[in-house]
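Could you build the full structure based on these sequences and the hints that come with them?
Line by line, the protein sequences give chains A and B. Residue 0 is where the first sequence starts when you use numbering that gives the first Met the number 0, and the numbers rise one by one after that. Residue 0 is where the second sequence starts when you use numbering that gives the first Met the number 0, and the numbers rise one by one after that.
Just so you know, the hints here were simulated from the structure itself, not pulled from any lab data. The reader is advised that the hints may include incorrect statements.
To be verified - A short, non-exhaustive set of chain B residues, derived as facing chain A with CB atoms under 7 Å:
#1 T11
#2 I17
#3 P18
#4 I20
Said to hold, decoys possible - A few chain A residues facing chain B, derived, Cβ under 7 Å:
#5 L70
#6 F73
#7 S78
#8 Y98
#9 S100
#10 L136
#11 V138
#12 D163
#13 A170
As the list claims (entries may be wrong) - Computed beta-carbon distance windows for the label pairs:
#14 B:A110 with A:L128: 44 to 52 Å
#15 B:L78 with A:A23: 58 to 66 Å
#16 A:T204 with B:S34: 46 to 54 Å
#17 B:H33 with A:I90: 17 to 25 Å
#18 A:Q152 with B:V12: 24 to 32 Å
#19 A:L121 with B:E59: 15 to 23 Å
#20 A:R118 with B:V107: 40 to 48 Å
#21 B:L78 with A:E188: 47 to 55 Å
#22 A:F68 with B:A110: 57 to 65 Å
#23 B:S93 with A:L175: 38 to 46 Å
#24 A:R80 with B:G92: 30 to 38 Å
#25 B:A110 with A:R80: 12 to 20 Å
#26 A:F120 with B:D138: 37 to 45 Å
Don't be surprised by glycine CBs; every beta carbon is placed ideally from N, CA and C.
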Amino acid sequence: MEVTVLVQATDKAFEILEKARNEARELLYTSAKLTSETKSLAEKREARAFLSGAQQARLALRNFTITFFILFIFWILLSARFDAFHLTLGIICSVLVAYLSHDLLFFNVRLGDFRIRARRFLQAGPWFLGQIFSANLHVAYLALSPRMPIDPQIIRFKTKLESDISWVAMANSITLTPGTITVDIREGEFFVHALDKKVAYDLNTGEMEDKIAHVLMEADHVYIQDVLDVSRIFGALK
Amino acid sequence: MTRITDDVIIRTVARILIPFIQLYALYVIMHGHHSPGGGFQGGVILGASFILYLLTHGLEETKIRMSEIKAGLFSSFGLLIYSGIGLLCLILGSNYLDYGKLSTILKVMPAQARSLGILGVEIGVGIAVMAVMFSIFFDISTGGELPEDEQNKRGAR
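Below, the structure written as structure tokens:
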């Protein structure tokens, strides 16, 4: 008698676990789909269909507010006049432009992602500046030494980054770093012109990719610490 | 027919820059009396931002943002603001575009009323110039096809 009850209870427990596992897997897939930026507005609208009406409104409101603040700061930088008339004009103009173009600036950032991305961006900023500084020194050494030991080459590599904005951030960081220039991005492959073997090697280690994937919260990106944190959950789900 | 560009860098950077270009255009319009600029210059920059969107993101998506009908309406609206302010001065008993008379409505000194009147006129000019620049470029890129022609073509097929 007790055995039957035990068997029933175990069955019920397995059922609940199975349902929870399926739901968690669905959530994983949906969030992965929403993370990567879609290639066109039409696809973006399809992806937004996952969100409910209230969530879409919140997303639009959040984009609008952040765009408004950034534009207002830009206005103050442009016109350094702080009397009431010009500030009111600034507010009206920022509201107008934010209303016209609020979905342009932050194209597909999920709700709740923004603070994390901003914090990670501020943390990764100094690292990028340090890279630019050291690459500057290296290129200056190359240019000033009498025999000029450059070895220009074009490297191709595929990245694990998958959204538009990550590609552009990667391409611009590569171009900003002295010694490398992004020549083209074709079908997900980067073509980079590098000045000599050392800068090519620095690029191929993939550290810049890692940092950008970390800042922009790419779905496939995995830091060792994150793996250790979620390995228990991953193991149980899969 | 302008298509969306394949180059992801151009597409993304253009889309990020467009709000800043538009805000700069409005800054140029509003500060016409303090620094180089004014209505026409700001209007051209504002129109250029829409043209940039048209060049990088193609015709279909630009039609959603600013269609030909809206551009036509905006150009007339800008003209309405301009001549409306002029007529308002006329109605109030002075000459056409004599902004000093606006001080009776706005309750400020005549000199400040002139400044505000000019600002209003510049805003009208800016809107009209933006709309016309955009519609010229739009007409060129559609090859002069009107929406009715497109519909007739589709209906005939």
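Check: Of the hints stated earlier, which fail here?
Finding: 4, 8, 10, 11, 19, 22, 23
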